[in-house]
Each structure stands twice: as C-alpha cells, then as structure tokens.
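> Assemble the whole structure, with the sequences as input and the hints as a guide.
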Amino acid sequence: MQSEDRIYDAFADEICEIRKKIEKVTDSNDARRLFRRIRELKSLQFWQLGPDKRETLQKL
Numbered sequence: 076m077q078s079e080d081r082i083y084d085a086f087a088d089e090i091c092e093i094r095k096k097i098e099k100v101t102d103s104n105d106a107r108r109l110f111r112r113i114r115e116l117k118s119l120q121f122w123q124l125g126p127d128k129r130e131t132l133q134k135l
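Residue numbering for the sequence shown follows this note's numbering, beginning at 76 and increasing consecutively.
FYI, nobody ran anything at the bench for these hints, they're computed from the structure.
Quick reminder that beta carbons are idealized off the backbone N, C-alpha and C, glycines included.
There may be inaccurate statements among the hints.
To be verified - Straight-line alpha carbon distances no greater than 20 Å define the calculated EDC-like cross-link-like pairs of lysine to aspartate or glutamate that follow:
{"id": "1", "residue 1": "K128", "residue 2": "E98"}
{"id": "2", "residue 1": "K95", "residue 2": "D105"}
{"id": "3", "residue 1": "K117", "residue 2": "E89"}
{"id": "4", "residue 1": "K96", "residue 2": "E79"}
{"id": "5", "residue 1": "K117", "residue 2": "E92"}
{"id": "6", "residue 1": "K96", "residue 2": "D80"}
{"id": "7", "residue 1": "K134", "residue 2": "D84"}
{"id": "8", "residue 1": "K95", "residue 2": "E79"}
{"id": "9", "residue 1": "K117", "residue 2": "D127"}
{"id": "10", "residue 1": "K117", "residue 2": "D84"}
Said to hold, decoys possible - Derived CB-CB ranges, DEER-like:
{"id": "11", "residue 1": "S103", "residue 2": "Q77", "range": "19 to 27 Å"}
{"id": "12", "residue 1": "D105", "residue 2": "P126", "range": "27 to 35 Å"}
{"id": "13", "residue 1": "Q77", "residue 2": "T101", "range": "13 to 21 Å"}
{"id": "14", "residue 1": "S78", "residue 2": "E115", "range": "17 to 25 Å"}
{"id": "15", "residue 1": "R129", "residue 2": "T101", "range": "30 to 38 Å"}
Spelled out as structure tokens, the structure:
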C-alpha cells in the first residue's frame with residue numbers, strides 16, 4: 076500500500092507541475108506536448124494503482 080501511495084503522489088505531483096507549465100505556455104505546440112505528457116503519465120503506471128487511486132488520478 077505504501078508503494079501505491081508513493082506512485083500516486085509522484086504522478087499527482089508531476090501532473091500538477093505540468094498543469095502549471097501549461098498555464099504559462101504561449102505556444103500551442105508546447106501545450107499539446109505537455110497535455111500529451113499528462114496522458115502518458117496517467118497510462119504509464121496506471122495498472123499499479125488501486126481503483127480509488129485510479130479514479131482520483133483520472134480527475135487530475
């Protein structure tokens with residue numbers, strides 16, 4: 076369970092950082108690249124998380 080929490084925290088932190096970068100981006104290509112990275116993060120280790128963590132991660 077602790078490893079699941081660490082995985083979730085790492086993904087959630089990185090997604091939040093990327094969202095902050097997206098707000099500052101002026102180039103649409105950069106924004107697309109950042110959104111793509113968020114999608115990759117959400118699917119990369121998604122299977123390792125429990126159902127409640129998956130649902131929360133999808134909402135980010």
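> With a cut-off of 20 Å on the C-alpha distance, tell me whether K117 and E92 pass.
holds (14 Å)
> Given the hinted pair K95 and E79, is their alpha-carbon gap at most 20 Å?
violated (24 Å)
> Does 17 to 25 Å hold as the CB distance between S78 and E115, or does it fail?
Holds - the Cβ-Cβ distance for S78 and E115, about 20 Å, lies within 17 to 25 Å.
> Between K117 and E89, does the CA-CA distance stay at or below 20 Å?
holds (10 Å)
> S103 and Q77, beta-carbon distance inside 19 to 27 Å?
Between S103 and Q77, where Cβ atoms are some 40 Å apart, the hint is violated.
> Is the gap between the beta carbons of R129 and T101 within 30 to 38 Å?
holds (33 Å)
> Just to be careful, I want the Cα atoms of K117 and D84 compared with a cutoff of 20 Å; is the pair within it?
Given that 20 Å is the threshold and the Cα spacing comes to 12 Å, the pair holds.
> Taking 20 Å as the top limit, are the C-alpha atoms of K95 and D105 close enough?
holds (13 Å)
> Against the range 13 to 21 Å, how does the distance between the Cβ atoms of Q77 and T101 compare: consistent or not?
violated (40 Å)
> Compare the distance between the alpha carbons of K117 and D127 with 20 Å, and conclude whether the hinted pair is satisfied.
holds (14 Å)
> Assess, step by step, whether the Cα of K96 is no farther than 20 Å from the Cα of E79, and give holds or violated.
violated (26 Å)
> Does the structure keep K128 and E98 at a Cα separation of 20 Å or less?
violated (25 Å)
Consistency note: the structure conflicts with the earlier hints numbered 1, 4, 6, 8, 11 and 13.
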